[in-house]
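Asker: Here's the letter readout for the chains.
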Amino acid sequence: MNTVSIRTRTYLLLAALIACILANAAQAMIMTIRPAATPGGLEFNLSAKQGYILTPDGGAYYMWGYANGDGLMQYPGPTLEFNQGETVTIHLTNQLDVPVSMVFPGQLNVTAGGGTAGVLTNEAAPAGGMVSYTFTATHAGTYHYHSGTNPELQIEMGLFGAIIVRPDNQPAEETWAYNHVDSQYDYEYLFLMSEMDPTIHEKAECGMWDQIDMNEYWPVLWFINGRCAPDVMLPDNTPLLPHQPYSCRPQVHPNERMLMRLIGGGRDLHPFHHHGNNALQIARDGRLLSSSPALGANLAVSDFTQAAAPGMTLDCIFTWTGKGLGWDVYGHEQDIDNEPTGDFPGPGDVDHNENGSVDNVDPVAGEDMEDHGKPFPVQLPDNKALAFGATYSGSPFLGAMGDLPPGEGGMNMFGGMMFMWHSHNEKEMVNYDIFPGGLMTMMFVEPPGAPIGGAHTMPMGQ
Amino acid sequence: MNRKIAYGLMTLLALGLGASRAWGEIHTQFTPDTDGVDTDGNGDPNDDHVYLHMFAGDGFVNMADQDRTLQYMFGFGDATGVPDEMVMMHGMLAAEFPAPTIVVREGQKVYLNLSNVGMMMRPDLFDPHTIHWHGFPNAAAIFDGVPDASVSIAMGFTFTYFYQVVEPGTFMWHCHVEATEHMQMGMLGNLYVLPKQDLLPPGTPLANLPPGKGPTHQQGYKYCYNDGDGSTYYDVDYPIQISSFDPEFHNASLTVQPLPFALMDDKFPMLNGRGYPDTTNLNVLYNTAGDEGYGEMNRPSQKVSSLIEATRGERVLLRISSLSTTSFHTLTVAGIPMHVIGQGSRLLRGPNGEDLTYWTNSVNLGGGEAKDVILDTANIEPGDYALYTTNLSHLSNNTEDFGGMMTEIILHPAE
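Those protein sequence lines, which keep their order, are chains C and U. Heads up: the first sequence is residues 1 to 462, going by our numbering. Heads up: the second sequence is residues 1 to 415, going by our numbering.
Calculated directly from the structure, the hints in this document are not laboratory data. Glycine is no exception: its CB is placed at the ideal position from the N, C-alpha and C atoms. Treat the hints with caution; some may be incorrect.
[Claimed, not checked] Computed cross-link-like contacts, BS3-like style, restricted to lysine-lysine with a CA-CA straight-line distance of at most 25 Å: (1) U/196 - U/213; (2) C/384 - C/323; (3) U/303 - C/374; (4) U/196 - C/323; (5) U/196 - U/222; (6) U/303 - U/267; (7) U/267 - U/109; (8) C/374 - U/109; (9) U/109 - C/323; (10) C/374 - C/203; (11) U/109 - U/213.
[Claimed, not checked] One-sided excerpt, in silico: chain U residues whose CB lies under 10 Å from chain C: (12) 139; (13) 153; (14) 160.
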């Protein structure tokens, strides 16, 4: 048995330093493309092309995807960002040798220019054909787009992406997802979920089109934002994954509001379970769950698993407070004052909050005062009795580090608490036959003062 | 004795000897309630702390097909009350499916001890285990059971989880170590929290109690949530947990073969760890020896019946959860309307109190989802009704139809 102890709080200093370096604290957490506005509206230039994605089991798979201008094929396609009320034109150039197109579920009065008529919309002809789509975004929210040509095959091949429409009536100093304060958030993250059957891609690469049978579809790879775990933890635009630029590394401080933009991008349902706390589902398919605009998200539903069906988008607000645990989550009952007495509780220790027991450290803003100073309720077993996680800080307390055996844990620079966010159809947490992986990431609750979005923790091990 | 069991015993014996001498042993923790405050509201200030002790290991369960197919499993069992020094012998090869049902009350402080007794049939494995209280609000990583983000307990040792229970509702619990494998192998069970509203002073006005029950709370009235109006009143409640086994996966595990994650395809769909018709058996089921002679085990391995019984006029609360590792399932009740009153361990009510409950004939749950459904039998003819999945291919026990994910509701006539 060893007593839980806090060995270092130097993270605060470190955090302050890094926060200074990253002066731009309110940076966007979702990588998007947004061209400069012109009098005629926004003009996006996309192309459809081929390329290869990489999976953590060592796979490289032939894909089709949308690219930003002359850029590389992307899986998923570029996340398009524009404002409610803006008129948007998307020019698509086809560099594949099959017809291709784009449809925009949830957008109204989309007009197609050029190309040739297809089943769902106009298509760009193979090898250099062009088509344009124009619409005006009437509503804020989370949307997606995908190919309207042979979609059962072309979505599988990678021709889909996300759309974020910003509301036209949010206060200048705030970030809202919709035109109501109920959608206010501090950080936003994208969770675009999809799956893959590699045999289709292998046959496509060899041109064995008559061998592809979608009835035999059997996915063995699952993705968030086009990456399998643990690759989701690598930074945006990592050179290791040239065709998969988007990470999924949600982070939040206690009491802050995180907006989760969930999209069912593939053909299967994925029950997305977010450890840590329930989230409030405030919008579905780009509409606030509301009975009247003035009432905000008054029909919002709290849940611990969000079931995003194929083609569906969900917006959820997640907050973690650490309240109600029955012990001080910051470890304030320990002798960790600026001038520790070494004999806690001892003569030099003060009952700051006058609750009858000494507590050497002032409470953190937003801390549960009921729990302030309450001791950790159990003894942790000796290290020899334990296995350690890669993102374990070594301490049960938020913002603290603890002793770890050599080579164990520590991928957690600021003593945060990590929570697994994943498909709870657990089969989807593997990469082919290798666990862990798939539709999964780690959400980081970082202690107050720790930077978010900049200097990151390391990717998960194992 | 089977040779594998002998090897397993030798391994564990060696571990046990080592444990007693050098490095630890089964050691549970519990702090008695001495704070003088009645946090669970039952009138006794000294009984708010709850001691529970689960073990994690392996075992065998029978499926509901005619061959009584024996499936190897990883699982939990109850060791509450077993002296610490007896836990290894008590828990070895004694896993249950589903895991023991955990029922606690809002306001309690739970000391949930987990002892890892090792896996007898897999002496090659040194897997640690954890407990994940699925849906616990504002969880702390150390007690969340995700091995990547905290610690997990090794063979021969005990970890004590602590939960101050602040939210009533229907949750679930499972091991989170190598979650795809350990959950497919059976380390999952029901968990729900009773609300403080059950203990209201009799005579407290509640505006939406069922007809004939109002207008005030009476002793013995039960509610699913702290609804403030009696609208989640029920007479009887049943946890119903969806799960399913892939026999190829379980056989590969038993025979120490590479595990077919990519090909995982469940063929034994179950409710509370049994296929129909075993679901309707009120008795504890004891496992049998398999063809390959894994001993005359005769262990109580499937303890949770899913037979639902009520008297006409009663309200039946179904605490439905899914821990399937492979698919979404839809459950339907033929002939009795379903009132969905809760979801994700919360009352279905909007932020400003809007009633978001709904009436339906079916509920759909993916893995990790929970829904609370009340069956109002006031206008229903007495008789037998079926609760079953409309994923029709899951109305089977492997190759045998029909069976699988189904149970019966027996509605008795009123007196």
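Asker: All hints are to be evaluated individually against the structure, with a verdict given for each.
Answerer: Okay, the hints, checked on the actual structure:
As the CA atoms of residue 196 of chain U and residue 213 of chain U are separated by approximately 19 Å, the hinted pair is consistent with the 25 Å bound. Only pairs whose Cα atoms come within 25 Å are accepted, and residue 384 of chain C paired with residue 323 of chain C is rejected, the gap being roughly 31 Å. A hinted pair counts as satisfied when its Cα atoms are at most 25 Å apart, and residue 303 of chain U with residue 374 of chain C does not qualify at roughly 39 Å. For the hint pairing residue 196 of chain U with residue 323 of chain C, the CA-to-CA distance comes to about 19 Å; that is within 25 Å, so the pair holds.
The hinted pair formed by residue 196 of chain U and residue 222 of chain U meets the criterion: a straight-line CA distance of about 10 Å does not exceed 25 Å. Between residue 303 of chain U and residue 267 of chain U the alpha-carbon distance is near 21 Å, which keeps this suggested pair within the 25 Å criterion. Taking the CA atoms of residue 267 of chain U and residue 109 of chain U, the gap is near 39 Å; set against the 25 Å cutoff, the hint is violated. With a C-alpha separation of about 14 Å, the suggested pairing of residue 374 of chain C with residue 109 of chain U holds against the 25 Å cut-off.
With a C-alpha separation of about 15 Å, the suggested pair residue 109 of chain U and residue 323 of chain C falls inside the 25 Å cut-off, and the hint holds. Proximity of residue 374 of chain C to residue 203 of chain C is assessed by CA-CA distance (about 61 Å); at most 25 Å being required, the pair is judged violated. Proposed proximity of residue 109 of chain U and residue 213 of chain U is contradicted: the alpha carbons are some 32 Å apart, above 25 Å. The beta carbon of residue 139 of chain U comes within 6 Å of a beta carbon in chain C, closer than 10 Å, and the hint placing it at the interface holds.
Among the interface hints, the one on residue 153 of chain U holds; its C-beta lies about 6 Å from the nearest C-beta in chain C, closer than the 10 Å criterion. Satisfaction of the interface hint for residue 160 of chain U is found here, the shortest Cβ-Cβ separation to chain C being roughly 4 Å, below the 10 Å cut-off.
Of the numbered hints stated above, those contradicted by the structure are hints 2, 3, 7, 10 and 11, listed in ascending order.
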